[in-house]
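Starting from the given sequences, assemble the full structure and let the hints guide the process.
Protein chains in written order, with my numbering: chain A, -8 to 644; chain B, 5 to 462.
These are calculated hints, taken from the structure and not from any lab test. All residues carry an ideal CB built from backbone N, CA and C; glycine is no exception. Any given hint might turn out to be false.
According to the in silico footprint, chain B covers these stretches of chain A (three or more CB under 8 Å from chain B) [as the list claims (entries may be wrong)]:
1) 29 to 38
2) 135 to 145
3) 357 to 369
4) 375 to 385
Selected chain A positions facing chain B (Cβ under 8 Å, derived; list incomplete) [as the list claims (entries may be wrong)]:
5) Thr41
6) Val44
7) Asn45
8) Leu48
9) His543
10) Ser544
Simulated crosslink set (BS3-like; lysine-lysine; CA at most 27 Å straight-line) [stated by the list, open to error]:
11) Lys441/A <-> Lys123/B
12) Lys123/B <-> Lys252/A
13) Lys278/B <-> Lys472/A
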Amino acid sequence: METWTPNPRAKPFIPRQQRSWYLTWKYRLTQRRSLRRFCQAGAVLFLLITVIVNIKLILDTRRVADEDAAAQEYEDVLPNMETPRRPASGRKVLDIEVYSSRSKVYVAVDGTTVLEDDMREQGRGIHVIVLNQATGHVMAKRIFDTYSPHEDDAMILFLNMVTRGRILIFTIKDEGTFHLKDAAKDLLKSFGSQASLNLSWRDMWTLVVKKGGQVFGEKHSKSPALSTWGDPVLLKTEVQLTAAEEAECHWADTKLNRRRKLFCSKVEGYGSICSCKDPAPIEFNPDPLPNNNVYNVPVAVIAGNRPNYLYRMLRSLLSAYGVNPQMITVFIDGYYEEPMDVVELFGLKGVQHTPISIKNARVSQHYKASLTATFNLHPDAGFAIVLEEDLDISVDFFSFLSQTIHLLDQDDSLYCISAWNDQGYEHTAEDPALLYRVESMPGLGWVLKKSIYKDELEPKWPTPEKLWDWDMWMRMPEQRKGRECIIPDVSRSYHFGIIGLNMNGYFHEVYFKKHKFNTIPNVQLRNVDSMRKDAYEVEIQKLLREAELLDHSKNPCEDSFVPDTEGKTYVMFIKMDSELDTSTWTELAKCLHVWDLDVRGYHRGLWRLFRKRNHVLVVAVPISPYSVKKPAAVSPIHLDPPPKEEGAPVEQL
Amino acid sequence: MPRVNRTLVFVLLLVSSCAFLLFQLYYYRNYVSKQTGLHLLNPGGHVTSRQVQWQTLKKFLALAQYFRLPLFLADTAALTLLSHDALQQRDRTMHEPHCSFLCAGRPITSFALQASRWKDQPGFLLAAEEKGFELLEVRGHDPRLASLDTLSGEEIPLHFLFRLHGYVIQVVLLYERSGNYLWHGVLRLKAGMDRSFAPFNLLDYGRHGGAYDRPELILTVVDNLDVRVPRNISRFLAQRRRARFLECRYHDARSFLQLYPEDSSAAAVEFRRKAKTLLSLAAQTLGELDVPFWISSGTCLGWFRQCSIISYSRDVDIGVFIADFRPDIIPAFRAAGLSLKHKFGKVEDSLELSFLGEDVKLDIFFFYKDGDVVWNGGTQAKSGRKFKYVFPSFSLCWAELLEVKVRVPCETLDYIMANYGATWSVPVRSWDWKSSPSNVIENGVWPVAEWAGLIQVY
Chain A
-8 METWTPNPRA KPFIPRQQRS WYLTWKYRLT QRRSLRRFCQ AGAVLFLLIT VIVNIKLILD
52 TRRVADEDAA AQEYEDVLPN METPRRPASG RKVLDIEVYS SRSKVYVAVD GTTVLEDDMR
112 EQGRGIHVIV LNQATGHVMA KRIFDTYSPH EDDAMILFLN MVTRGRILIF TIKDEGTFHL
172 KDAAKDLLKS FGSQASLNLS WRDMWTLVVK KGGQVFGEKH SKSPALSTWG DPVLLKTEVQ
232 LTAAEEAECH WADTKLNRRR KLFCSKVEGY GSICSCKDPA PIEFNPDPLP NNNVYNVPVA
292 VIAGNRPNYL YRMLRSLLSA YGVNPQMITV FIDGYYEEPM DVVELFGLKG VQHTPISIKN
352 ARVSQHYKAS LTATFNLHPD AGFAIVLEED LDISVDFFSF LSQTIHLLDQ DDSLYCISAW
412 NDQGYEHTAE DPALLYRVES MPGLGWVLKK SIYKDELEPK WPTPEKLWDW DMWMRMPEQR
472 KGRECIIPDV SRSYHFGIIG LNMNGYFHEV YFKKHKFNTI PNVQLRNVDS MRKDAYEVEI
532 QKLLREAELL DHSKNPCEDS FVPDTEGKTY VMFIKMDSEL DTSTWTELAK CLHVWDLDVR
592 GYHRGLWRLF RKRNHVLVVA VPISPYSVKK PAAVSPIHLD PPPKEEGAPV EQL
Chain B
5 MPRVNRTLVF VLLLVSSCAF LLFQLYYYRN YVSKQTGLHL LNPGGHVTSR QVQWQTLKKF
65 LALAQYFRLP LFLADTAALT LLSHDALQQR DRTMHEPHCS FLCAGRPITS FALQASRWKD
125 QPGFLLAAEE KGFELLEVRG HDPRLASLDT LSGEEIPLHF LFRLHGYVIQ VVLLYERSGN
185 YLWHGVLRLK AGMDRSFAPF NLLDYGRHGG AYDRPELILT VVDNLDVRVP RNISRFLAQR
245 RRARFLECRY HDARSFLQLY PEDSSAAAVE FRRKAKTLLS LAAQTLGELD VPFWISSGTC
305 LGWFRQCSII SYSRDVDIGV FIADFRPDII PAFRAAGLSL KHKFGKVEDS LELSFLGEDV
365 KLDIFFFYKD GDVVWNGGTQ AKSGRKFKYV FPSFSLCWAE LLEVKVRVPC ETLDYIMANY
425 GATWSVPVRS WDWKSSPSNV IENGVWPVAE WAGLIQVY
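So, in structure tokens, the structure goes:
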């Protein structure tokens, strides 16, 4: 800064007369050199301070800028990929196109295809889509194969569950009327359908309707003859959207109800969960267990895209005594929205899995990823409980595991604890407090020990290109290594899944429907510690000693084979020359109506089950070491498979 | 020049500089002081600001106690002060009766919390907001799921920042990982988050991910507040300095494995199992001796490229700085059940130890610093020829391999590139340690007279 110097060329000061008071003083002051100097110095100082503050400001601003730059490091490198949802843009009308034909159906809403099915040999029947009347979002998609029996009942059930006011879209692919009974047709008529009563064999049909409201459009083309299909129909219509408030219920504003509200605005078909007046609970608060040994054991729920199953499963799981929702993780195979919605409805953790491979291998890879993730998420856990989405869980499931889980640690001859007894049907299982050891791996609700998984199974788990069933693989002798599983006599899980990779309605009816399922809470298990390897042998020997020999001259398939007693123990001997000689057991299993597709649920050639409330021991002679108990005079029962029928009938369309 | 003009200029200058000064003061107060929480222009406010900070902490800790959150103090400044001797402590207490440790002149105090104790308590966050705290929650991918790359779950909370009266309290969540350690994630702000919420570059945690041992905690009274602190503070602080954790590049590994699928033959599975056992044994043994080591050569490549062990590599390679060499390494490994297979070189030059466990070899290479490079030696037993492998110098980071917590060079790519060249991403099955590495230099021959001491094969 330059210093202030007086002008050297200034004129010498000449005082003048007649000045104002102010000017006089001004001149007097300026006249005084010292005072002038003082002012000048003051001004200079002032300016200097200005400069210093200025510099400091610049430095500070610089520093702040640096900090900002440093803070940049804390910014997420990935740009936010999520684009905001397309605004409704004030449009209140949806354009809807629905197509129905022999080989293809599709539904487009505002130009977006929400359903397209042109696969051969698939998707036969009536496709139903439910739209939210306020947003136009797809809330449910279902196919009812009403060519087959009972599917129309399922459709009636579903349609009745849909909230009033929703928009329903129907379209038929291929054939959808053969087993469409009058009850279903009447329901459709009550929705406003004109054509439903006239629908018949191979007709094409589409309908767009508001439940409990107006019909937006319907088209129907009759099939001219039995062997031909009706002409394809394409229905184009417009649907008036309603205000959001009208589509919602007015539940009290709680945390639970916020979850419920979100769920109910997205999906349909879960019945009273979304009922405005009296919604079904989504929190269950079952009693805790005293001394719960499995409270901190992680629970992995393996799921696919069967959200209704998952809903039913989680409801039973969360109602079981001693459940700890914090430990539950649902692993969904694929990026499906609806299963995730169900998981979030219950406030649980969900993990989605990019599908790897196909069919059985896909399931197997999903299992592996889920198990690995479970132990990753809970590094302290020594066990994991593995469940599937198509199981009901018994109210004392955790109590059962809590009483038995220590055995897995103490007995190296154990492979798992399972809640499922393959042979535990309503007529063959009796005692909820009774446990067995079996040489097979039943699955369907089981406990896996971490060390077995990490040290043995995970490293050699079947790779994606091997199309193996994970459970079959786990049952192979290379994996099982002679170890056994502990199971209850009365299963603690119930397999309700009808749709599945290896499952259909008939199969379910025959093998799963009549399975016994425990409904008594807090059953105190008997002789848990005699489940250990050596103690169990003592137990079996004791049973065999007590057992009465059944009359081997009678036909074991006859009802009179087991006397009409109660609470007794009987023993019978059947012929089984080798592991592969399964014919007698298979025939016996068939007439007892238990699992007969392969040989399961035995311990060293011994099956244990109940007949007419009596405990029956079935010993395979001679492969079972218990064969020595057979009196020499008794010859083991031998049954031959029935001769194969020629040309088994094949159902044809 | 007329006299009036001069006065006018003077007055104008005065007025404008006044105005400038006022503006600058205003700007300074508004922009700079508020940001850092430093009250430079208010020296009297220094003591009161400490009181405010103390009140803030007290309120926060009371809240945490109410919700039974076992937070522990993880603040480096505060812990450093605490770890100093008691005399100093009394001194400071005399000077500033209130907040001498926790308010160490910084507007941030850091606490840590084991995530298993967090259990998603929205109640705590709501209560904190009710008490006036502003909250910034930073979430991120769950690395325990990322390890599979095919799973995607909900993002997990990684850091919480609470702000009140310009003071920030950071809560770092420590997650249990399968290598038996605690992990915290990086703090990265997503689009739409408040970048001026806190002076992020002053945070103790969040620039990098970190790995820690599970600390033993004690409850104590600091500045009249009940606080949990690590029992061994200096150990915790030492860990913090070298806590940086590198996540394996699972996504790239996945692409690599799609190109070159993993060998799933029984022999390969068996080798991986043995290698894992050997690696965890090595980590445990050297950990007990406090000898830091990192995975080197093929083992490091396996981690970097495929997040696993290269099944045809046949051995496990680790590196140790020669400064960390201790003679009791050999007896310690023997006690752990390994046998010494060979010992090449000497502490001063090209030391290399090989142990055998089951039938997999554990090679320990000792690294020597030389200016801005480091190198390790190799010796051919039959000829006595010496080799030298030169690497650019590096620092060490934590990583996880086969569920074992190990160190890797932080500059992993440079390290790998030095060793394997630019084509490291292509598997090479036939590998000659004397000629294949791109950083190998011939380094003469051991004098024959010294062979007996320098080339020991068992």
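Evaluated hints:
Only residues whose beta carbon comes within less than 8 Å of a beta carbon in chain B count, and the segment 29 to 38 of chain A has 3; three or more means the coverage holds. Restraint check on the segment 135 to 145 of chain A versus chain B: 0 residues with Cβ-Cβ distances below 8 Å, three needed, restraint violated. Counting residues of the segment 357 to 369 of chain A whose C-beta lies closer than 8 Å to any C-beta of chain B gives 7; at least three are required, and the coverage claim holds. Coverage of the segment 375 to 385 of chain A by chain B is violated. Counting CB-CB distances below 8 Å, 0 residues qualify, and the rule asks for three or more.
With a cut of 8 Å, the hint placing Thr41/A at the interface with chain B holds, because the nearest CB-to-CB distance is about 5 Å. Look at Val44/A: its Cβ gets to within about 5 Å of chain B, closer than 8 Å, so that hint holds up. Because the beta carbon of Asn45/A sits about 7 Å from the nearest beta carbon in chain B, less than 8 Å, this interface hint is met. Evaluation of the Leu48/A hint against chain B yields a held restraint, the C-beta minimum of about 5 Å falling below 8 Å.
Because the beta carbon of His543/A sits about 46 Å from the nearest beta carbon in chain B, more than 8 Å, this interface hint is broken. Interface restraint check: Ser544/A against chain B, minimum CB-CB distance 51 Å, threshold 8 Å, status violated. Proposed proximity of Lys441/A and Lys123/B is supported: the alpha carbons are some 23 Å apart, at most 27 Å. Our distance criterion of 27 Å between C-alpha atoms is met by Lys123/B and Lys252/A, whose separation comes to about 24 Å.
A distance of roughly 20 Å separates the Cα atoms of Lys278/B and Lys472/A; the hinted pair therefore holds under the 27 Å criterion.
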